[in-house]
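Novice: Here is what each chain is made of, one letter per residue.
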Amino acid sequence: MAVIDLKLKKKPELPLEAESISPNKFAGKKAADIKKLPVYYGNEQLTIGDFFNVSGDGGEVDDIKINIDGDLSNIKRIGENMTGGEITIKGDVGMHVGSQMSGGKIFVNGNADDWAGAMLKGGELEINGDAGHYIGAAYRGYWKGMMNGVIKVKGKVGNESLSWVSGSKPGKRFPTLICGSAGSFLGIHSHGGTIIVEGDCDRCAGADQVRGTIVIKGKVSKILPSYKKIGEVKEIELMNGEIIKGKFTEYSGDHSVEKNHSKIDKKTEKVSNSSNGRLFVAA
Amino acid sequence: MSIEGLTLLTGRTINQGIALEGGKTSKENVRAAGICAIDIKDFKKLDCMVGTPVKITTDHGSVMVYSTISEEGPHPGIIFIPMGPWANQVVNPDSQSCGTPTFKGMKAKIEAVQNGKVLDALDLIKTLKEA
Amino acid sequence: MATKKIKTITDVPCPFCGTLCDDLEVDVQDNKVVEVRNACQIGTKKFFSSNPSKHRYEKPLIKDGDSYKEVSWDEAIDKAADILVKAKRPLLYGFSSTESEAQGKGVELAEILGSILDNTASVCHGPTLLAVQDVGVPSSTLGEIKNRADLVVFWGCNPVHAHPRHLSRYSEFVRGYFKKDGRHDRYIIVVDPRNTHTAQLADLHVQVKPDEDYELLNTLRAVLRGVELDAAEVSGVPMEDIKELVEKLKTCKFGIIFFGMGLTQSMSHHRNIDSAICLTRELNDHTKFLITAMRGHYNVSGANTVFTWNTGYPYSIDFSKGYPRYNPGEFSSCDLLIKDEIDASLIVASDPASNFPAASVKNMFKHPLIAIEPHETPTSAFADVILPPAIAGIECEGTAYRMDHVPLHLRKVKEAPGDCLTDREILQRLIEKVKEKKGE
Chain A
1 MAVIDLKLKK KPELPLEAES ISPNKFAGKK AADIKKLPVY YGNEQLTIGD FFNVSGDGGE
61 VDDIKINIDG DLSNIKRIGE NMTGGEITIK GDVGMHVGSQ MSGGKIFVNG NADDWAGAML
121 KGGELEINGD AGHYIGAAYR GYWKGMMNGV IKVKGKVGNE SLSWVSGSKP GKRFPTLICG
181 SAGSFLGIHS HGGTIIVEGD CDRCAGADQV RGTIVIKGKV SKILPSYKKI GEVKEIELMN
241 GEIIKGKFTE YSGDHSVEKN HSKIDKKTEK VSNSSNGRLF VAA
Chain B
1001 MSIEGLTLLT GRTINQGIAL EGGKTSKENV RAAGICAIDI KDFKKLDCMV GTPVKITTDH
1061 GSVMVYSTIS EEGPHPGIIF IPMGPWANQV VNPDSQSCGT PTFKGMKAKI EAVQNGKVLD
1121 ALDLIKTLKE A
Chain C
2001 MATKKIKTIT DVPCPFCGTL CDDLEVDVQD NKVVEVRNAC QIGTKKFFSS NPSKHRYEKP
2061 LIKDGDSYKE VSWDEAIDKA ADILVKAKRP LLYGFSSTES EAQGKGVELA EILGSILDNT
2121 ASVCHGPTLL AVQDVGVPSS TLGEIKNRAD LVVFWGCNPV HAHPRHLSRY SEFVRGYFKK
2181 DGRHDRYIIV VDPRNTHTAQ LADLHVQVKP DEDYELLNTL RAVLRGVELD AAEVSGVPME
2241 DIKELVEKLK TCKFGIIFFG MGLTQSMSHH RNIDSAICLT RELNDHTKFL ITAMRGHYNV
2301 SGANTVFTWN TGYPYSIDFS KGYPRYNPGE FSSCDLLIKD EIDASLIVAS DPASNFPAAS
2361 VKNMFKHPLI AIEPHETPTS AFADVILPPA IAGIECEGTA YRMDHVPLHL RKVKEAPGDC
2421 LTDREILQRL IEKVKEKKGE
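One line per chain: the protein sequences are A, B and C, in this order. The numbers in the numbering used here rise by one with no breaks, and the one at position 6 of the first sequence is 6. The numbers in the numbering used here rise by one with no breaks, and the one at position 82 of the second sequence is 1082. The numbers in the numbering used here rise by one with no breaks, and the one at position 97 of the third sequence is 2097.
I should point out that these hints are in silico values taken from the structure, not numbers from a laboratory. Fair warning: there could be bad hints in the mix.
What the hints assert, rightly or not - Taking lysine-lysine pairs in the BS3-like style, the calculated list, with each CA pair at most 25 Å apart, reads:
#1 Lys-2248/C <-> Lys-270/A
#2 Lys-2288/C <-> Lys-2088/C
#3 Lys-2339/C <-> Lys-11/A
Because the structure is a prediction, the values reported are computed rather than measured.
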């Protein structure tokens, strides 16, 4: 285990872009070298050492454990693109934490800002507080967002979380979000995501969902009119085979969307109107 | 008199457009953009003369504007302030991280204020700067 | 005394709104606009307001205590460049009411400074661009619509007030090549929470509840796919009316949806547009249907176009790392200002003090501000440096892009007053001075 401790000297006035804080970037480096890694402060390039006290040396990527102390609420891109190792953030953290991560684990013992876990490819991101908008979402213009991995948020996630999530049973990719409560447009354009909301959820959950599973254990402010009630169930089988027990109302949707945007059945010549997406709301 | 639970919309009007091209710091601009159009049924509840200053309050601030009767009704429950510095004291600055503030749909309260003072654009900004 | 000759310039594009009417006639006498024909009230006013007045800046100004002192261009440019070079997170904003070469200079300056580069789409049709990036957009030029559309939907827009001649030139009253009976050859639908003046001229007004457009669009798409839904009413519209509306949309020969701030500025923002575009796309299973955004400024489409061909992105661009990055919400002007992340602003051809929410305006004025602005506005009235430009489209030629992205050539009908320089020249001088100060 190669433990590296970072302590923020003083909360910067402008946001800091710190994608150099990741096990991959620290691998094989001594503390003195880690201090020289670049961070971006407005239009100025400075170093980690200008903002953090650093102790400990890096080893192999998967063995590295980074602990970060201080108010990191405007430090962005920590853990971006990491493939292994661990990061523990003792308080709040800024935007893009763990974005495009494909392995390893990040634990945030506070609140996260927008875009946490965006485009996640694997690994685990755990947030012990609330998170902003676009959690596990696709960046602008991408129609494949989070592909694998797990995001757990104890508190509330903002709007459009897990937008364009892309999971696959045959490909054994089960991108999953488990959160305390959620904002609007949860899982918009979902293509095979798994979302479990332990509490309440705002409007338009599952908008444009093509396939995937959304489970809401609390109250939904409004269910989209294009979701059709199928019936009552006592248990739910998630995409990855896990079972959730409880009384739920099952809906299929989103019936407003057709994956290919124009599917006319060649035999019947009618527009196909089935849906593989599912929404479960606690009864 | 006051009314609560209204929805505030903002947007362009042709008069506001003409006024902005003619000098945004002019008095003409106050009468074009420092106003609130109210549905005629709602106006009756306010129990005041047309043109009486009204105080519009939302979760994001408050502003004093002149009251008018809407020519684009009926729309009971909806009030309309043309885009501009008056509307912007009360719109929702939060963009939900999409970049564009939410200029329409705020929950609002309207209150008739007989001797209310409607500031012109420059005084409005000065007050904002000093706050 | 002999009066000066009146010069008439024809085929003048109007530099006000995204309709970019190109049939104006302007009479100029003694370098003043004396008459404008064919323009709407707002366009007319814009031409007249270019004449010298107490509101029009003619010389560069620098703030001096509570007032301003007139200075030379060299002094003003030097001070402005100084402010920009010293800033760590400067903002270059506006650009929608100037010509495209100036917009290109803006990109160059932003890159050199490592600043934020943004235009008015940020508070207007930015959500439209976000949606188009997600789901595309089936659209066409306005000419096609004028000549072919038999069903026109205005969703969340009020052209009578915001694009006054749109209805007469392209969408409602005009006689088209295949629509020789003009208004009688078209069915007009308005979807709006208010019975706007545009709705009052329409054949059908769908009075949707504010902030519930998404649910209505979502329902229209499901009904279009032939799905029987459970709801009896959606967003204040009864299900029978929704089904009837879908029939009308399906059975027209050539439909068009024009949409505006009703969809982009309400809660749901770009997701409203996303759904409207998908509805349009799905209608093409049944008939020909298109969708077009009613762009507000006469050259905001140009700002998006020029920014995109230079950087790959249409607005809310960050150059702080030396290369362009794009993320509205993170790099958009209003959000950055609310967080007080900007430490200096250069405002070009725009008035954010009037058009940004109060929380953003307050923080904007905490830091130095340079305004390239022809008239006194709530932004320029509190600026630290005022650089007076020639008004593009009146005193300066150039290119502007209409709401349907068609480029038109702006005319110069008169000379700018006083010491005014064109926007592109002002920006070029700033670029050179900034480079000099940075030692390049």
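Novice: Are the hints correct? Go through all of them and say.
Specialist: How the hints compare with the structure:
1. The hinted pair formed by Lys-2248/C and Lys-270/A meets the criterion: a straight-line CA distance of about 19 Å does not exceed 25 Å.
2. A C-alpha spacing of about 50 Å is found between Lys-2288/C and Lys-2088/C, which places the hinted pair above 25 Å, so the restraint is violated.
3. Restraint check: the Cα-Cα separation between Lys-2339/C and Lys-11/A comes to about 14 Å, which is no more than 25 Å; the hinted pair holds.
Violated hint for the displayed structure: number 2, the only one.
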